[in-house]
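Trainee: Each chain, written out:
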Amino acid sequence: MAKYIPPVQSKIGQIIDVIVLLVLAIGALYVPLFMKLAGSDVTHVVPENPTWESLGQNATMVEKWNQLGYADAASAAEIITARFDYSFSIGSLLVMILVIVGYYFIMLKFSEKEYRDVISEKFDG
Amino acid sequence: MSDVDITSKEMDGMGPKGTKIGLARVLGPAHVWALGVGIVLVGEYMGWNFSVGKGGAYAALIACWFAGILYSCVAMIDSEVTSTVAAAGGQYTQAKHIVGPLMAFNVGLYLVFAYTMLEAANAITFGFLIETVAGMTGHEGLDQRPFIVLAIMFLAWLNYRGVLATLTFNLVITAIAFIAIIVLFLATSPIFGASPLRHVELMTGLPYGWLGVLAAMHFGLWYYLGIEGTCQAAEEVRSPARSLPFGTLAGIMTLLIAASLTWYVCVGLIPWEYLGQAGVPLFDAARLTGSTTLMILLGIGTMFATLASANGCINDASRAWFAMGRDHYLPDWFGAVHPTFRTPYRSIIFLVPIALIFALGAPIDQVITFSILSGLLEYTFMPLNVIMFRRKWPLDSIRRGYEHPFHPIPALVLLSLCGVTYFAVFLGYGTQLVAMISFYIIVSLWFHFWRYRFVRRGAQFTMPWPRPLGY
Numbered sequence: 072m073a074k075y076i077p078p079v080q081s082k083i084g085q086i087i088d089v090i091v092l093l094v095l096a097i098g099a100l101y102v103p104l105f106m107k108l109a110g111s112d113v114t115h116v117v118p119e120n121p122t123w124e125s126l127g128q129n130a131t132m133v134e135k136w137n138q139l140g141y142a143d144a145a146s147a148a149e150i151i152t153a154r155f156d157y158s159f160s161i162g163s164l165l166v167m168i169l170v171i172v173g174y175y176f177i178m179l180k181f182s183e184k185e186y187r188d189v190i191s192e193k194f195d196g
Numbered sequence: 003m004s005d006v007d008i009t010s011k012e013m014d015g016m017g018p019k020g021t022k023i024g025l026a027r028v029l030g031p032a033h034v035w036a037l038g039v040g041i042v043l044v045g046e047y048m049g050w051n052f053s054v055g056k057g058g059a060y061a062a063l064i065a066c067w068f069a070g071i072l073y074s075c076v077a078m079i080d081s082e083v084t085s086t087v088a089a090a091g092g093q094y095t096q097a098k099h100i101v102g103p104l105m106a107f108n109v110g111l112y113l114v115f116a117y118t119m120l121e122a123a124n125a126i127t128f129g130f131l132i133e134t135v136a137g138m139t140g141h142e143g144l145d146q147r148p149f150i151v152l153a154i155m156f157l158a159w160l161n162y163r164g165v166l167a168t169l170t171f172n173l174v175i176t177a178i179a180f181i182a183i184i185v186l187f188l189a190t191s192p193i194f195g196a197s198p199l200r201h202v203e204l205m206t207g208l209p210y211g212w213l214g215v216l217a218a219m220h221f222g223l224w225y226y227l228g229i230e231g232t233c234q235a236a237e238e239v240r241s242p243a244r245s246l247p248f249g250t251l252a253g254i255m256t257l258l259i260a261a262s263l264t265w266y267v268c269v270g271l272i273p274w275e276y277l278g279q280a281g282v283p284l285f286d287a288a289r290l291t292g293s294t295t296l297m298i299l300l301g302i303g304t305m306f307a308t309l310a311s312a313n314g315c316i317n318d319a320s321r322a323w324f325a326m327g328r329d330h331y332l333p334d335w336f337g338a339v340h341p342t343f344r345t346p347y348r349s350i351i352f353l354v355p356i357a358l359i360f361a362l363g364a365p366i367d368q369v370i371t372f373s374i375l376s377g378l379l380e381y382t383f384m385p386l387n388v389i390m391f392r393r394k395w396p397l398d399s400i401r402r403g404y405e406h407p408f409h410p411i412p413a414l415v416l417l418s419l420c421g422v423t424y425f426a427v428f429l430g431y432g433t434q435l436v437a438m439i440s441f442y443i444i445v446s447l448w449f450h451f452w453r454y455r456f457v458r459r460g461a462q463f464t465m466p467w468p469r470p471l472g473y
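From first to last, the protein sequence lines stand for chains A and B. Using the working numbering, you'd call the opening residue of the first sequence number 72 and step up by one each time. Using the working numbering, you'd call the opening residue of the second sequence number 3 and step up by one each time.
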């Protein structure tokens with residue numbers, strides 16, 4: 072196999088490449104945040120006038136809450152009643168599976184093609 | 003069989019490029035342990051407890067054990083491959099030699115983002131701890147941000163100045179943080195008299211049922227996330243074939259002990275609803291013992307654990323970025339080694355503002371999830387990697403520093419547990435999962451169709467191995 076000679080990239084081109092990569096990485100974290108799509112699906116069902124009993128807390132738990140700085144049930148109610156919402160649709164689960172499997176499929180396929188060139192140039196070149 | 007000795011002190015790990023100034027080979031097994039455990043031990047001081055929030059206390063324990071199995075498989079696989087592919091970049095360099103360039107590029111990014119996000123999470127926790135302590139001593143409303151910036155800048159400077167000092171510093175503060183957990187366990191356990199632990203009264207059932215147990219695997223990874231970072235030291239240890247397996251496997255054993263003790267003490271002292279959302283759970287546990295000495299010790303332990311972890315993360319992320327620059331996967335400007343300190347100084351400096359952007363601007367659970375997802379993608383690569391490694395270079399074809407037993411069982415177990423963890427992340431954080439993978443798909447296309455043209459082909463393969471079987 073003929074040896075591949077890569078083109079020389081200009082300094083501006085190199086800087087642009089790094090910026091592209093950074094914008095994509097920062098976007099992956101911040102775009103869901105800005106679109107309010109990020110974060111856990113947590114619900115809070117706080118009863119009116121909550122008491123330690125209505126929040127399901129026994130005497131030892133109450134003692135610990137007090138030690139942690141929560142003097143009454145109302146102040147701790149939001150933490151105690153926080154629950155994740157794990158409901159999901161089969162459709163969204165299938166989309167996730169498709170995205171993950173598709174990602175690895177693309178990567179392994181392209182990698183294999185590139186790898187054959189590497190091995191060919193290394194051992195035949 | 004190849005007759006090249008990968009433990010050679012003359013080879014600088016840079017293969018045929020023959021670089022004269024390489025990274026300094028100055029580290030021993032204790033430094034490898036300090037790097038791995040140093041990065042991870044903070045997981046016991048914060049973050050693991052979100053698994054309690056996702057499934058309850060028992061779910062967190064089950065997640066701790068299953069994540070322990072997952073990471074034992076990671077450590078076994080990594081020990082074999084890294085002790086054979088002894089070069090900076092760790093799993094990135096493995097992927098380059100075993101799977102292919104695009105996979106390597108992705109693995110390099112997994113490493114950089116997993117460690118940079120973990121570094122950001124550490125800095126956030128460090129700032130939160132400073133603010134908490136300030137509040138307890140009558141200085142309410144202290145601004146965390148200068149402390150976050152100072153912590154990252156100081157550790158980056160330490161990394162810039164040399165790897166030996168950096169990891170010796172890590173060794174000392176990691177050991178203190180680990181001892182603090184042991185002391186807390188001994189001081190609260192019934193072995194030495196009256197115990198403040200109230201497991202019977204505080205433990206509840208599974209608030210989400212068995213679905214919560216699956217969901218808890220998401221943050222269960224946090225008990226051990228980063229132990230695979232020991233591989234990044236491959237080019238800087240005096241004897242990779244001995245030090246890397248020893249340091250990595252000793253590290254995972256240390257973490258299994260620390261994780262179990264942490265869970266036991268925390269769920270016996272803190273109501274699960276609070277524990278599942280706590281910022282500094284071990285510090286809170288120490289507060290609840292009523293002992294000022296323990297509170298100070300665990301406060302120092304938390305601070306040291308966050309600093310050790312951020313320190314190790316700067317070390318590892320910069321090595322991965324440096325290795326990609328050296329291969330032209332990124333601009334080769336990043337592939338420079340400091341002529342005096344022999345560190346990848348440009349990569350170290352470049353990653354500082356990125357860590358700061360995330361530490362100062364994003365919520366901690368998002369940052370942690372970003373880090374966990376990058377780690378999870380990396381763990382999914384590992385079983386594929388080791389299966390290909392054994393197929394392309396069977397055991398008798400090249401010299402390995404370590405051969406892991408029971409192949410391919412660890413690879414298959416790891417792959418299965420990764421599948422479970424994807425589902426766990428999907429439960430509650432599905433949007434991040436899709437956003438993250440979409441990011442990797444886009445950058446993969448960018449690399450394959452644009453960036454790869456600047457990469458030399460045969461020169462990427464730097465190991466002195468025979469041609470792989472089937473090629």
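No lab work stands behind these hints, which were simulated from the structure alone. Beta carbons: idealized from backbone N, C-alpha and C, even for Gly. Possibly wrong hints are sitting among the right ones.
Looking from chain A toward chain B, a few residues come up when the C-beta cut is under 7 Å (computed) [what the hints assert, rightly or not]:
(1) GLN85
(2) ILE90
(3) PRO103
(4) ALA145
(5) GLU149
(6) LEU169
(7) VAL170
(8) VAL172
(9) GLU185
One-sided and incomplete, this derived list gives chain A residues near chain B with beta-carbon spacing under 7 Å [as the list claims (entries may be wrong)]:
(10) TYR75
(11) PRO77
(12) GLN80
(13) SER81
(14) ILE83
(15) VAL94
(16) ALA99
(17) TRP123
(18) GLU124
(19) SER125
(20) LYS135
(21) ASP143
(22) ILE150
(23) SER182
Simulated restraints on C-beta separations [to be verified]:
(24) B:ALA167 - A:SER125: 53 to 59 Å
(25) A:PHE194 - B:GLY211: 43 to 49 Å
(26) A:ASP156 - B:VAL174: 50 to 56 Å
(27) B:GLY137 - A:PRO77: 54 to 60 Å
(28) B:THR206 - A:SER158: 28 to 34 Å
Trainee: Once the shortest beta carbon distance from GLU149 (chain A) to chain B is found, is it less than 7 Å?
Mentor: violated (10 Å)
Trainee: Given ILE83 (chain A) as an interface hint, is its Cβ closer than 7 Å to any Cβ of chain B?
Mentor: Check failed: Cβ of ILE83 (chain A) comes no nearer than 11 Å to chain B, outside 7 Å.
Trainee: Would the hint on PRO77 (chain A) be counted as holding, given a Cβ-Cβ threshold of 7 Å to chain B?
Mentor: holds (5 Å)
Trainee: Tell me if GLU124 (chain A) is really an interface residue toward chain B, meaning its C-beta lies closer than 7 Å to one of theirs.
Mentor: violated (14 Å)
Trainee: Can we keep the VAL94 (chain A) interface hint, with Cβ of chain B closer than 7 Å?
Mentor: Check failed: Cβ of VAL94 (chain A) comes no nearer than 11 Å to chain B, outside 7 Å.
Trainee: Tell me if LYS135 (chain A) is really an interface residue toward chain B, meaning its C-beta lies closer than 7 Å to one of theirs.
Mentor: Nearest chain B Cβ about 5 Å off; hint holds.
Trainee: Could one say that the CB atoms of ALA167 (chain B) and SER125 (chain A) fall in the range 53 to 59 Å?
Mentor: Since ALA167 (chain B) and SER125 (chain A) have Cβ atoms about 57 Å apart, the given range 53 to 59 Å holds.
Trainee: Between THR206 (chain B) and SER158 (chain A), does the beta-carbon spacing fit 28 to 34 Å?
Mentor: violated (22 Å)
Trainee: Given SER125 (chain A) as an interface hint, is its Cβ closer than 7 Å to any Cβ of chain B?
Mentor: SER125 (chain A) check fails; min Cβ-Cβ to chain B is 14 Å, beyond 7 Å.
Trainee: With a cut-off of 7 Å on the beta carbons, see whether TYR75 (chain A) makes it to chain B.
Mentor: Holds: closest Cβ of chain B sits about 5 Å from TYR75 (chain A), inside 7 Å.
Trainee: Against chain B, run the beta carbon of ASP143 (chain A) and see if the smallest gap drops under 7 Å.
Mentor: violated (15 Å)
Trainee: Does the CB of SER182 (chain A) sit less than 7 Å away from some CB of chain B?
Mentor: holds (3 Å)
Violated hints, listed in ascending order, are 2, 4, 5, 6, 8, 13, 14, 15, 17, 18, 19, 21, 25, 26 and 28; each of the other numbered hints is respected by the structure.
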